[in-house]
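S.K.: Now for the letters of each chain:
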Amino acid sequence: MEKQVATFEVKKGLAQMLKGGVIMDVVTAEHARIAENAGAAAVMALERVPADIRAHGGVARMSDPGLIEEIMSTVSIPVMAKVRIGHFVEAQILESLGVDYVDESEVLTPADEANHINKHDFKIPFVCGCRNLGEALRRVGEGAAMIRTKGEAGTGDVVEAVRHARTVLGTVRRLQTMPDEEVMALAKELGAPYELVKETKELGRLPVVNFAAGGIATPADAALMMQLGVDGVFVGSGIFKSGDPARRAEAIVKATTHYNNAKILAEVSRNLGEPMVGRQVTDIPEADLIAKRGW
Amino acid sequence: MLARLGAQVREVRLPEELDGLDGLVLPGGESTTIGKLATDYGLIEPLRAFGQTKAIYGTCAGAIFLSKDAERNQPLLGLMDITVERNAYGRQVESFDVEVPVPALNGLADGDPPVRAVFIRAPLIKTVSGDAKSLASLPDGRIIAAQQGKLLATAFHPEISGDDRFHRYFLKLAA
Numbered sequence: 001m002e003k004q005v006a007t008f009e010v011k012k013g014l015a016q017m018l019k020g021g022v023i024m025d026v027v028t029a030e031h032a033r034i035a036e037n038a039g040a041a042a043v044m045a046l047e048r049v050p051a052d053i054r055a056h057g058g059v060a061r062m063s064d065p066g067l068i069e070e071i072m073s074t075v076s077i078p079v080m081a082k083v084r085i086g087h088f089v090e091a092q093i094l095e096s097l098g099v100d101y102v103d104e105s106e107v108l109t110p111a112d113e114a115n116h117i118n119k120h121d122f123k124i125p126f127v128c129g130c131r132n133l134g135e136a137l138r139r140v141g142e143g144a145a146m147i148r149t150k151g152e153a154g155t156g157d158v159v160e161a162v163r164h165a166r167t168v169l170g171t172v173r174r175l176q177t178m179p180d181e182e183v184m185a186l187a188k189e190l191g192a193p194y195e196l197v198k199e200t201k202e203l204g205r206l207p208v209v210n211f212a213a214g215g216i217a218t219p220a221d222a223a224l225m226m227q228l229g230v231d232g233v234f235v236g237s238g239i240f241k242s243g244d245p246a247r248r249a250e251a252i253v254k255a256t257t258h259y260n261n262a263k264i265l266a267e268v269s270r271n272l273g274e275p276m277v278g279r280q281v282t283d284i285p286e287a288d289l290i291a292k293r294g295w
Numbered sequence: 001m002l003a004r005l006g007a008q009v010r011e012v013r014l015p016e017e018l019d020g021l022d023g024l025v026l027p028g029g030e031s032t033t034i035g036k037l038a039t040d041y042g043l044i045e046p047l048r049a050f051g052q053t054k055a056i057y058g059t060c061a062g063a064i065f066l067s068k069d070a071e072r073n074q075p076l077l078g079l080m081d082i083t084v085e086r087n088a089y090g091r092q093v094e095s096f097d098v099e100v101p102v103p104a105l106n107g108l109a110d111g112d113p114p115v116r117a118v119f120i121r122a123p124l125i126k127t128v129s130g131d132a133k134s135l136a137s138l139p140d141g142r143i144i145a146a147q148q149g150k151l152l153a154t155a156f157h158p159e160i161s162g163d164d165r166f167h168r169y170f171l172k173l174a175a
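Line by line, the protein sequences are chains A and B.
According to the working numbering, the first sequence is numbered sequentially starting from 1.
According to the working numbering, the second sequence is numbered sequentially starting from 1.
Derived from the structure by calculation, the hints contain no laboratory data.
Hints should not be assumed to be uniformly reliable.
In silico DSSO-like pairs for lysine-lysine, Cα to Cα no more than 30 Å straight-line [to be verified]:
no.	chain 1	residue 1	chain 2	residue 2
1	B	K150	B	K126
2	A	K188	A	K12
3	A	K263	B	K133
4	B	K54	A	K3
5	A	K12	A	K263
6	B	K126	A	K19
7	B	K172	B	K150
8	A	K292	A	K188
9	A	K12	B	K126
10	A	K123	B	K126
11	A	K19	B	K54
12	B	K172	B	K133
13	A	K201	B	K68
14	B	K172	A	K19
15	A	K292	A	K3
16	A	K188	B	K133
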């Protein structure tokens, strides 16, 4: 067999290597170095963290390729970057830079309200957000090699991350005990490809790695998501919007590894300084909710 | 995969969890993360002691962690006489899979087909010396698997393609 690049197994494979890890949003090369030294499994390179995108308003787009390249040359761990939902040209640009993963992200302003990117067209793997199993499997159907539950980015409020993780994982559990003849009806209800629903039933989990994102701000938040059953966590604004980013980053990495060890969780939660200020999701007007972007 | 092969397995995050084990798998991931957490939770010396008598199998980042030199300042176990270069094949877009013959695995499967090796931001095993020996290499000669006594290292991920021969080979080393 000739050498093959970019098979779906290779794309899914990198996400396998991130399992049990923390992916951190960084906006400068210096942040990226702090993240790597703290034990991050990967970094997400972007111009503004979600909390600032929220505060700024306006249209949020793919970051400057110069910034992404600078971060890529600074760290040895994988570098991810975000594109707008449906903006396949931004994805082509990131692919040409050689980033390790593209996040087709609701945190940026969507470029297409009807269609997501056909991710099968790319050599580079994609991660996409979801709120429920149907949304997750639609993205996998389009070629996503990794899924993250959306939560509500830039809030520091974990409630939506919990809701979305429970919804996805709860539906998988329901699917597992379901007789085969009911699977098609569930696929219809979820609006998800039947073959992928069947595969999820057989595997007893999503066919790709599933992280949690959106609102994780403390070591305890990270461990909570891990105990709920996700494979790892994204931390966006939670680290670099806090009082002592290096310390908090390291604490969240340790909490994600030792998520079942309350003693270690207590230890790493000590003296972390100010957490990000945060904003309660229930105080945010419906129209400003980020998780609703995409379908 | 080891559980499917009949082994009793558990995860190790702290030194005391090594007690009673016959073998240990150091998985893929980021070797910088593995090294940092192993250092902070006092696992480096217990792992070095474990590797003196017990079997260890390192895949990808695990292979880097077993090596004595990764051309970079990061915590390593230094148990195997191999040197590695991290991300030697490039970034994720250059990740690939390929079939390679591995003579050491002969007899573990009918007809001894080549192993389908999946390389993900993989390291290169640059040199093997001392008691370490090469088990497999790419057609261009680059080494992708090595063994030293009960210590086993592969730059790629056999578990991803579902081929269990390296894991069976490892269980024999651990037994």
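S.K.: Each hint should be assessed against the structure and marked as holding or not.
M.R.: Going down the list of hints, with the structure as the test:
1. B:K150 / B:K126: With a Cα-Cα distance of about 20 Å, the restraint between K150 of chain B and K126 of chain B holds, given a limit of 30 Å.
2. A:K188 / A:K12: holds, 26 Å
3. A:K263 / B:K133: It is violated: about 43 Å lies between the C-alpha atoms, which goes past 30 Å.
4. B:K54 / A:K3: Roughly 35 Å separates the two Cα atoms, so the pair is violated.
5. A:K12 / A:K263: violated, 34 Å
6. B:K126 / A:K19: Distance ~27 Å between K126 of chain B and K19 of chain A Cα, so the pair holds.
7. B:K172 / B:K150: holds, 9 Å
8. A:K292 / A:K188: At roughly 21 Å apart (the allowed maximum being 30 Å), K188 of chain A and K292 of chain A satisfy the hint.
9. A:K12 / B:K126: holds, 27 Å
10. A:K123 / B:K126: Holds - the C-alpha atoms of K126 of chain B and K123 of chain A are around 27 Å apart, at most 30 Å.
11. A:K19 / B:K54: holds, 26 Å
12. B:K172 / B:K133: holds, 18 Å
13. A:K201 / B:K68: violated, 44 Å
14. B:K172 / A:K19: Holds - the C-alpha atoms of K19 of chain A and K172 of chain B are around 28 Å apart, at most 30 Å.
15. A:K292 / A:K3: Violated - the C-alpha atoms of K3 of chain A and K292 of chain A are around 41 Å apart, more than 30 Å.
16. A:K188 / B:K133: With a Cα-Cα distance of about 55 Å, the restraint between K188 of chain A and K133 of chain B is violated, given a limit of 30 Å.
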